[in-house]
Amino acid sequence: MTNHRFKENREHRFTISKPTNNEPVLVVCPKCESKSSVVPHGEDKVRCTCFSCGYTSTKSSNGRTFYWYDENPTDGYFGFNLWLRIDCNGNSLWAFNQTHLQFLESYVGATLRERVEDDELGWSNSSLASRLPKWIKSAKNREPILNAISKLKSKL
1 MTNHRFKENR EHRFTISKPT NNEPVLVVCP KCESKSSVVP HGEDKVRCTC FSCGYTSTKS
61 SNGRTFYWYD ENPTDGYFGF NLWLRIDCNG NSLWAFNQTH LQFLESYVGA TLRERVEDDE
121 LGWSNSSLAS RLPKWIKSAK NREPILNAIS KLKSKL
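Numbers 1 to 156, taken from my numbering, label the letters of the sequence shown in order.
In case anyone wonders, no lab produced these hints; they're calculated from the structure.
Quick caveat: nothing in here was measured; it's all calculated off a predicted structure.
It is possible that some hints are incorrect.
[What the hints assert, rightly or not] List time: in silico DSSO-like cross-link candidates among lysine-lysine, alpha-carbon distance up to 30 Å:
1) K155 to K140
2) K151 to K7
3) K7 to K31
4) K137 to K7
5) K35 to K134
6) K153 to K45
7) K137 to K18
8) K59 to K18
9) K155 to K45
10) K18 to K7
11) K153 to K31
12) K151 to K18
[Said to hold, decoys possible] Distance windows between CB atoms, simulated:
13) A139 to Y55: 40 to 48 Å
14) E8 to S60: 16 to 24 Å
15) S130 to S52: 15 to 23 Å
16) K151 to D70: 18 to 26 Å
17) N72 to P144: 18 to 26 Å
18) N89 to D118: 17 to 25 Å
19) N21 to Y55: 24 to 32 Å
C-beta atoms are modelled at their ideal positions from N, C-alpha and C, and glycine is treated no differently.
Given the sequences, and given the hints that come with them, work out the whole structure.
In structure tokens:
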């Protein structure tokens, strides 16, 4: 088990999906199916670049569409399949990037999970931890999920 205690940092579920230069969203290249990254490009655009074939595409960063509850979730800008996705216990386990994967590993590996109330806002129902599906929160799925996360980490 990776750790025994998880204390929620109130990471908002939309923040984790927004690419940065340090933490791109990893997607499947639509041309060659290799690992590609989505990063900010200028002030109001995002760019997808493939590490293998050199494919690039640029889009406005003003509108995002989310398909998180599908079996095959996509990034919010291009609609490309996520690179970090694996079947796990009859479900789809996925992450946008390394930070998201580390969050999932910490959460799933914890035997004690704590939520923290914000002094000004109270309890949050839009945090990343509060929106995880029940099958990820279930202790009975801990080992298979951690094994799947280990496989996803090898794709980084």
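We went through each hint and held it up to the structure:
1. The suggested pairing of K155 with K140 holds, with an alpha-carbon distance near 25 Å, which does not exceed 30 Å.
2. A distance of roughly 25 Å separates the Cα atoms of K151 and K7; the hinted pair therefore holds under the 30 Å criterion.
3. For the given pair, K7 sits about 40 Å from K31 by alpha-carbon distance, which is inconsistent with the 30 Å threshold.
4. With a C-alpha separation of about 14 Å, the suggested pair K137 and K7 falls inside the 30 Å cut-off, and the hint holds.
5. A hinted pair counts as satisfied when its Cα atoms are at most 30 Å apart, and K35 with K134 qualifies at roughly 29 Å.
6. At roughly 28 Å between alpha-carbon atoms, K153 and K45 fall within 30 Å of each other, so this suggested pair holds.
7. With a CA separation close to 24 Å, the supplied pair K137 and K18 stays within the 30 Å bound.
8. Between K59 and K18, the direct Cα distance comes to roughly 14 Å. Compliance with the 30 Å bound is thereby established for this hinted pair.
9. Under the criterion of a C-alpha separation no larger than 30 Å, the hint pairing K155 with K45 is consistent with the structure, at around 26 Å.
10. Among the hinted pairs, K18 with K7 is consistent with the structure: their alpha-carbon atoms are about 22 Å apart, no more than 30 Å.
11. A distance of roughly 23 Å separates the Cα atoms of K153 and K31; the hinted pair therefore holds under the 30 Å criterion.
12. With a CA separation close to 23 Å, the supplied pair K151 and K18 stays within the 30 Å bound.
13. Checked against the hint of 40 to 48 Å, the C-beta distance between A139 and Y55 comes to roughly 42 Å, which is consistent with it.
14. Hint check: E8 to S60, Cβ distance near 32 Å, so the stated range 16 to 24 Å is violated.
15. Taking the beta carbon of each, S130 and S52 are about 37 Å apart, not inside 15 to 23 Å as hinted.
16. Checked against the hint of 18 to 26 Å, the pair K151 and D70 passes, with Cβ atoms roughly 21 Å apart.
17. With their beta carbons about 19 Å apart, N72 and P144 fall inside the hinted range of 18 to 26 Å.
18. Hint check: N89 to D118, Cβ distance near 33 Å, so the stated range 17 to 25 Å is violated.
19. Roughly 19 Å separates the CB atoms of N21 and Y55, a value that falls outside the hinted 24 to 32 Å.
Hints 3, 14, 15, 18 and 19, counting from the list given before, are not met by this structure.
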